[in-house]
Structures are given as structure tokens and as C-alpha cells.
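Those protein sequences? They're chains A and B, same order as listed.
The letter at position 66 of the first sequence is residue 66 when you use our numbering, and the numbering goes up by one with no holes.
Our numbering runs 100 ahead of the 1-based position in the second sequence.
For the record, the hints were derived by calculation from the structure and aren't laboratory data.
C-beta: ideal position from N, C-alpha, C; glycine also.
Hints are not guaranteed to be accurate.
Heads up, incomplete: computed chain A residues facing chain B, CB under 10 Å, no partners named [claimed, not checked]: (1) Leu-29; (2) Leu-31; (3) Gly-48; (4) Phe-68; (5) Asp-74; (6) Phe-79.
There are 2 protein chains.
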Amino acid sequence: MKHQINIRHLRYFVAVAEAESFCGGARRLGLSQPAVSQQMRMLECYLGISLFRRCGKRTLLTPAGLTFLKPAGDITRRFDDLIRTLGKESDLSEVPPRD
Amino acid sequence: MKHQINIRHLRYFVAVAEAESFCGGARRLGLSQPAVSQQMRMLECYLGISLFRRCGKRTLLTPAGLTFLKPAGDITRRFDDLIRTLGKESDLSEVPPRD
DNA sequence: ATCCATTACGGTGTACGTAAATATG
DNA sequence: CATATTTACGTACACCGTAATGGAT
Numbered sequence: 001m002k003h004q005i006n007i008r009h010l011r012y013f014v015a016v017a018e019a020e021s022f023c024g025g026a027r028r029l030g031l032s033q034p035a036v037s038q039q040m041r042m043l044e045c046y047l048g049i050s051l052f053r054r055c056g057k058r059t060l061l062t063p064a065g066l067t068f069l070k071p072a073g074d075i076t077r078r079f080d081d082l083i084r085t086l087g088k089e090s091d092l093s094e095v096p097p098r099d
Numbered sequence: 101m102k103h104q105i106n107i108r109h110l111r112y113f114v115a116v117a118e119a120e121s122f123c124g125g126a127r128r129l130g131l132s133q134p135a136v137s138q139q140m141r142m143l144e145c146y147l148g149i150s151l152f153r154r155c156g157k158r159t160l161l162t163p164a165g166l167t168f169l170k171p172a173g174d175i176t177r178r179f180d181d182l183i184r185t186l187g188k189e190s191d192l193s194e195v196p197p198r199d
């Protein structure tokens, strides 16, 4: 298993899907198109499925891509919520390395 | 933004928590202890919270760690399910990279 | 010709293993 | 002394940006 799929891949995928373009998704993520393009290629390669479909100037999703979109968004949202929640908990139990 | 927290961190955390030791968690993950230890340190540092508590020979969770455990396990499980699901969909829409 | 995506290539940083050091029982 | 964890250090490769190429309108 060479490349491991990461939550980053889901994040990029959601951004591209919502922007309906790699260009817009990359801009939204503050990255270059090639960076996003490469990661999406890796994701498709790993899954063995085409997720995107070039339709004129817009990059739309394949049926599989549509199936993927909602769960991907849900997971990334939950993930971010978890991290944010723990950040707030730190007010209570500040990291006391030793006592 | 130096280090980005990843689903890998959640995975390692769950493994260590369930094994109640870094050693056991690392073994279960097929990694070395230092690798896991380093990632857990990064996670704690990023969150600003202590997650583990040395209690005799066992490595247990702090209250914050206990709060973290269930959501972390849930997210990683959902993540894996999503990837696995897409893998099965590939039977229908095989990836035709080039033709 | 313009816009969007992919390919190619090099630099930087992260993840990991091995080995040594430290702590705890 | 044995077991468990951390620290130190070197290496491999994943990620990203820039630049160049390809395609479609």
C-alpha cells in the first residue's frame, strides 16, 4: 500500500466539487491547480473510479462522485468539529506537562 | 500552520487508547513505538491538551482523552467505510484511465 | 487567443525506522 | 534486570509550487 488516502483528499474533493472546477477549488483552498489535480488523480487511482467529468468548461461529478460527495463533506465537517471542540476543552484542562 | 492534524493521528490515538499502551498500539498498527509516540505528541501539542496518562504500566486516557476517543473512532470508521464503499462501486464504473 | 487542466521537475518538510538513552517496577 | 517510553539522527517519499504542454471553446 504505497499511498494512503487522507482526509485532505476528501477536503480537496469537496472544494473542487462545489466550485465545479479544479481552478476554483484550488483558489478556494489557497493552493495551485496542479497540487489539487495531483491529489484528485491519486484519489481516483486509489479508488479505481473516475470521480470527475469534464462537461464543457465545468468540471462536474460522475455518479460515483455524487455518491461520494455528501459522506465526504460530512466526515470532514465532523473531523473539524472534533478538533475545534478539543481546542475549547483546553481551557479547562490546559496541558500541564507535569505536576 | 506548521503541522496539520490528519486522520492518521486519530487512528493512532484509537489504537493506543484501546491497547492501553504505545507499545501495543504500535504493534497493532505495524509501526515502531517512536513513530506512534511522535505523532501522539504532535497531536497533543496541536490540541494543547494532554490525552494520555501514565498509570503504572498502563497508558490510560485523561478526561479529555476519553472525550476524544469515541468521536475519533467514529470518524475513522466512517472514513474507512466510505473508502470501502467506493471500492465496491468500482465494479460498476471501472476506471478507464486511457483508451 | 483564452481559459482550464495535466505533465514535468525540483525543493522542502514530514513520517518512519534504528539505535541509544531514560524511567519504572 | 526487564519492559515501556522518549530522544536523537538519518533517510525516503509525499506534497506543493513554478514552468511548460495539451485541449477545448
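| message | Let's test the interface hint: is any C-beta of chain B closer than 10 Å to that of Phe-68/A? | response | Holds - the Cβ of Phe-68/A comes within 10 Å of chain B, reaching about 6 Å at its closest.
| Holds or violated: is there a CB of chain B closer than 10 Å to the CB of Gly-48/A? | 4 Å, holds
| When the least beta-carbon distance from Phe-79/A to chain B is tested against 10 Å, hint result | 6 Å, holds
| task | With chain B as the partner, please determine if Leu-29/A meets the hint condition of a C-beta pair closer than 10 Å. | result | At 12 Å from the nearest chain B Cβ, Leu-29/A fails the 10 Å test, so the hint is violated.
| field | Satisfaction of the Leu-31/A interface hint, Cβ to chain B closer than 10 Å | value | 13 Å, violated
| message | Using the nearest Cβ pair, does Asp-74/A come within less than 10 Å of chain B? | response | OK, holds: Asp-74/A within 10 Å of chain B, min 8 Å.
Hints 1 and 2, counting from the list given before, are not met by this structure.
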